[in-house]
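K.L.:
In case you want the letters, here they are:
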Amino acid sequence: MAAITERVAIAHAEGRTYHGIWAWLATVDHKKIGIMYIYAALFFMAFGGAEALLVRIQLWQPNNHFVSAETFNQLFTMHGVTMIFLVAMPILIGYINAIVPLQIGARDVAFPRMNALSLWLFVLGGLFLYSSWFMGGAPDAGWFNYVPLSGAHYSPGAGVDFYDIGLQITGIGTLMTAINFLVTILNMRAPGMRLLRMPMFTWSALITMLLILFAFPPITVNLILQMMDRLFHANFFNIPLGGNALLWQNLFWIFGHPEVYIVILPAFGIISEIIPAFSRKPLFGYESMALALSVIAFLSFMVWTHHMFADGLGAVVNSIFAITSMLIAVPTGIKIFNWLATLWGGQIRFTTANLYALSFIPLFVIGGISGVMLAMAPADLQYNDSYFVVAHFHYVLFGGTLMGALAGLYYWFPRIWGRLLDERLGRLNFWLVFIGFNVTFFPMHLLGLEGMPRRISTYAAGNGWTTPNQIATVGAFILLIGMLILLYNLIVTFRRKPDLVQDPWDARSLEWSIPSPTPEYNFAQLPLIEDRDAYWVAKRQGRTALEPAEPPGPIHMPSPSLTPFFLALTIVVAGYAALLHVDWLALLAMLAAFWQVGAQLVHEDPGYHVHPEAPAGGAAE
Amino acid sequence: MQASLPLVAGLAALALGGCGLGKQSTLSPAGPVAQAQLSMFYESLAIMAVIFIVVAAVFVYSLIRFRARKTDTELPKQVHGSTALEIAWTLIPMIIIVILSISTVHYAFVLETPATGPDTVQVQVIGHQYWWEFRYPGTGVVTANQVHIPVGRKVNFSLQSADVVHSFWVPELGGKTDLIPGRTNTLWLEASKPGLYDGQCAQLCGPGHAYMKFTVLAQSSAAYHQWLRHMERDTVQVSTPLERAGLALFQQDCATCHTIHGTPFDGKVGPNLTALMQRPTIAAGTLPDTTQGLTAWLHDPPAVKPGAKMPDLGLSRSQIRSLVAFLQTLK
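Sequence lines, in order, name chains A and B.
Everything in the first sequence is counted per my numbering, starting at 1215 for the first residue and increasing by one.
Everything in the second sequence is counted per my numbering, starting at 21 for the first residue and increasing by one.
Hint data in this document are derived by calculation from the structure and do not stem from the laboratory.
Note that CB positions come from ideal geometry on N, CA and C, so glycine has one too.
A couple of the hints might just be wrong.
Claimed, not checked - Computed list of lysine-lysine pairs in PhoX-like fashion (alpha-carbon distance at most 25 Å, straight line):
{"#": "1", "chain 1": "B", "residue 1": "K213", "chain 2": "B", "residue 2": "K174"}
{"#": "2", "chain 1": "B", "residue 1": "K351", "chain 2": "B", "residue 2": "K288"}
{"#": "3", "chain 1": "B", "residue 1": "K174", "chain 2": "A", "residue 2": "K1753"}
{"#": "4", "chain 1": "B", "residue 1": "K97", "chain 2": "A", "residue 2": "K1753"}
{"#": "5", "chain 1": "B", "residue 1": "K43", "chain 2": "B", "residue 2": "K288"}
{"#": "6", "chain 1": "B", "residue 1": "K97", "chain 2": "B", "residue 2": "K213"}
What the hints assert, rightly or not - Chain A residues, not near chain B, derived (Cβ > 10 Å throughout):
{"#": "7", "residue": "L1239"}
{"#": "8", "residue": "T1434"}
{"#": "9", "residue": "M1540"}
{"#": "10", "residue": "I1575"}
{"#": "11", "residue": "A1593"}
{"#": "12", "residue": "F1648"}
{"#": "13", "residue": "P1762"}
{"#": "14", "residue": "L1805"}
{"#": "15", "residue": "H1817"}
{"#": "16", "residue": "H1823"}
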């Protein structure tokens, strides 16, 4: 503890410059934080992918014993938890960090230090979760972690404790991200950037943050109740003592369904940036796109029991939730057709970014189609908890979210890293991922219709399940090769000299209106926004930059700080102590965490000033 | 709509290709519930296929027709939207949803309403980690992992769990319903033709989840009633010395957990073993109900079935032989 407080004291020395790794640990710059989010998400993706491959190998043939049933349950649980909480959300939050302040013409987020704390809570919370593999076993009750299976009686190991505490740690970070970006987007837009002039990716970020704000409290309540049960012998979910199994399910899905939209709306946003850029046309139906995002978010809170149609909640409840679930197809359909109309009459360039963005459309439509089928409650009793559901949500989360995230990676790479990824390798990467994805997940529709339940560690021969499973496993390895090509592309690109091309795609939004690499202060002078797609309009009028909204002058920047990192570390120490029942240490660490938060509250950061060289005027180069 | 059904069915069959339909397929319904659910599948698939074809056609046409060309000099026409089009693709999906809602709500109520009348059969299902207990209220008949039902009659299953959440699913007869501790759910199913239908737990319930299977034997009313009477019979016939040795061993090692009707053995922890040899499998579908299967099971249950609550009793080969001989008298 002494070491930590000492480090915290050091961090309080303002205006310090940090070098090497310390510069990254202490940064409060949204661009660097975004980069670290993306790196960490790719790091966890390797583990989540490896878990999926082991699952696919186990299901290669009937009665296989490649891994034990106990290990199998840990593998698919960690695969789900990883891909949702440690890959999909963080990679999208990474883009939001790296890009949204630039898109709205801001110099940073509203609370830069809190932003760093969000990052470190995610990174350290994720590592905390993964340490479970070496500390008696990973969580094994599924990502949905239903009680009473996940309770102390049926899951006596520490695995579920890692789930409860690890997701609380990362969850605090996610909630703070929501607060941070809501304030940033609502309060820090450049002069003239009205809400209906914001790029659609920023719109998607705004709505996503609202979803997080309302969706994360119910899961947090669940996690706290279960932590009380498991660590302190409370009885919230103890059925013989009057606990309620459905309480967990309701709270989980009140979070869980909006969560699906938390990881898909930013992908919608990415697609809505890329398709217009590579069609050389504005986004078709901008207002209806923004409205559709909002309606989807609103509806996403009133569909949760469609995950519980088999719970016997009654025909009235099931009918109502079936209809609200189907209704989501309306705003989603609007988006699909608006993208098609954006393509219509355009000049479509097939860059890798656009290939990923375009592939999103048919894949997401397939996922949407099976989604409507699943919403039909009586028919869902056949699909529910079968491989049909596995196929459905992978078409949405992989075909949607991950394809969108990879589109974003190729599209924003030159902005974030100052280099263009190799296009030839990119196309190879895309086609392998696209083919591998479909070969893996399309047969799962058939497996589900053929009656194969989810989450079974093995199956008997004679049900017609072997062939589709083998096709799926082959597809998973094609996917692996595709992702290795991406890794290779990243390596060769980083070994090249930076291209530092400011606007390689002739794009539309503000993040491309500033030099590459992006200066630490983003905008030497905040731009004046007079149009939607203001940068595109300026370029068409022969200008290379936007009118400034302020005179040139020194720019006030927030100081770097190690406090967020050590505060997150303190919270993780408290997590381990609680989990290992070293109660005094848990208490002490929590007190230390509160003390650090309190110190931040009374502490005033004078920051520092940078003096950018007089930038080029707005009118001409 | 109606005209496109055979087309979609044909496509589905084509897609299934060489796989063939297995024994647990939702696509080969054997009762009215599964039939209703399959008709909803085809209805929604047909409508959705039309939507997909429209989207795919516009998509592919756009990619070919509107690809960038070297000859492009001017910007394409900058279209920002079209109120008429946007209203159209808001309203059309709403109409489709109204159509799909009709069958959804209709069948939600049809499938929820339990059967009444003297003709209905009541079966109580209790899920255990990792096996199924079936009780026939009013008869004293209790069995495990194979449920007998009469053909052509609605069967009301009342679903309860002894431990964690399970899910009762017989795809050829109908969709699943969960067994939730602290609740009693109901589900009605009906088999239209005699046969053996495979079922399986569909909700993650622990390491033995994949090994929690059961069968539904749908038989003629006469055969069903004969079976019920057989199960109520109070006799166990042991004749050979080996069988008698097995009986003694059962009393010593097994009777605290297992019940056999017609004997003093009334343990309630494990499956009821009355008329064990009538079941096609043991250990909830893990092994065939044969000499080899029983021997393998008694040798080391948790090794055969992950998470099995029955411990390795450390039985010798001769003990296993005599126990198997005794169990095989339970006809």
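K.L.:
Hint by hint, note whether the structure agrees.
P.N.:
Against the structure, the hints:
{"no.": "1", "hint": "K213/B to K174/B", "verdict": "13 Å, holds"}
{"no.": "2", "hint": "K351/B to K288/B", "verdict": "20 Å, holds"}
{"no.": "3", "hint": "K174/B to K1753/A", "verdict": "72 Å, violated"}
{"no.": "4", "hint": "K97/B to K1753/A", "verdict": "16 Å, holds"}
{"no.": "5", "hint": "K43/B to K288/B", "verdict": "31 Å, violated"}
{"no.": "6", "hint": "K97/B to K213/B", "verdict": "64 Å, violated"}
{"no.": "7", "hint": "L1239", "verdict": "39 Å, holds"}
{"no.": "8", "hint": "T1434", "verdict": "22 Å, holds"}
{"no.": "9", "hint": "M1540", "verdict": "5 Å, violated"}
{"no.": "10", "hint": "I1575", "verdict": "6 Å, violated"}
{"no.": "11", "hint": "A1593", "verdict": "4 Å, violated"}
{"no.": "12", "hint": "F1648", "verdict": "14 Å, holds"}
{"no.": "13", "hint": "P1762", "verdict": "26 Å, holds"}
{"no.": "14", "hint": "L1805", "verdict": "37 Å, holds"}
{"no.": "15", "hint": "H1817", "verdict": "48 Å, holds"}
{"no.": "16", "hint": "H1823", "verdict": "42 Å, holds"}
Of the numbered hints given earlier, the model fails hints 3, 5, 6, 9, 10 and 11; all others are met.
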